[in-house]
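Enquirer: Spelled out from the first residue to the last, the chains are:
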Amino acid sequence: MTNDHPHPDDERRLWAQFAAANPAARAACPPAIELAAWIDGRAAGPQQDAIEGHLAGCAECRDAVGGIRLAREAVAGSLAGAPDRVKEAARMLVGARPEPRERRLYLAGWQTIGRWSMAAAASVAICVVGYRVGGSWLAYDHAGADEVVLGEMSFGLLGELSETGLVVALEGDLR
Amino acid sequence: MTMEIDLDACIRGDKQAWDAFVERWAGVIHAAVQRAFHGGRGAARAEIEDTVQDVFLRLIKDECRLLRTYDARRASLATWLTLVARSTAIDRLRRKRVPTIPLEPHDAPAASGSREDARDAPEIPLHLLSGRQRLVLRLLFDEQRSVAEAAVFIGVDQQTIRSTKHKALSRLRKQLSTAADGGDADAAGPVEPHGERQS
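Protein sequences appear in the order of chains A and B. Each residue of the first sequence is one higher than the one before, counting from 1 in our numbering. Each residue of the second sequence is one higher than the one before, counting from 1001 in our numbering.
Below, a sample of chain A positions facing chain B; criterion: calculated Cβ distance under 7 Å:
#, residue
1, 22
2, 56
3, 82
4, 89
Bear in mind the hints are in silico, worked out from the structure with no lab data behind them. For every residue, glycine included, the Cβ atom is placed at its ideal position computed from N, Cα and C.
Bound-form chain A, shown alone (with noise of 0.2 Å):
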């Protein structure tokens, strides 16, 4: 060793010309866990190098330890926790939060078919109201006039509006 007392200055322009040499360049910060994994000593090796190298180069990081040792010792300093009300609207998240997935595939596959039943309940019964209505409407016109059988008459005229599109539902099943 050449100098065992070196001036503090020295010491200070040292670094200064390291750090002008490297200048700091933004690189990603590490994940929540592995800064975690550093500050509860739990990171060893190339890991705790890597982390303390880009705490030497990035001050949000720098921040954000400084900023969890002050909070972990006031959290441990306080008794007092988070007001109630605070932890009943953390509680309600869970009845606002999704359905897992298997559950909601299980009940989406229900709504399914709930949906096309009931479509085809409805389907069904205007078809049944269809036919009632347009049965009377049929006697009521053509009975008096000609005198035909209310079925044939029936179908024929059927027959027509189905090619409208009107009855195209009723007449698969006429058929």
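Given the structure of chain A, go ahead and fit chain B onto it with the hints provided.
Expert: Below, chain B alone, put in the same frame as chain A:
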């Protein structure tokens, strides 16, 4: 008091497990958020409470995507949650802040030395110093922290800080004197993570 919280059950959407999680960790998250706000410019109580809700929401969003990243083998839940809470608070503060353009980058060389240093800087490879050595010098010289403060920051004893600083400066001196003599600029060689020379 320690309470075992079943995080897997929380992730599955178990209401009881979630309620236990909230009961156990709301205080830690609240304190971390409060600390982050007070470290900045302070905040109204309502804002702090909204941010705490943001943290919980962030944890369970997208089928607990964030909560799933936690690994109990790597870090304590207290530290991890404090980091997440702090980061949420900082994001919120940042969104509220009026955008400004800094006159100089956060970690610009000017923070360590004069512009003259930057202009006349000799070639010194980054890997000459380990990550820890760079961090120690940054804390001591740029942030003006004492040895005791740097030790608390890194989580080591003060003697480790002194020894790391001494080794780092010795390497720099050697490197600069070699460079001044016209020798190999990288003569000192890279270092192992804790300041030891690589073989």
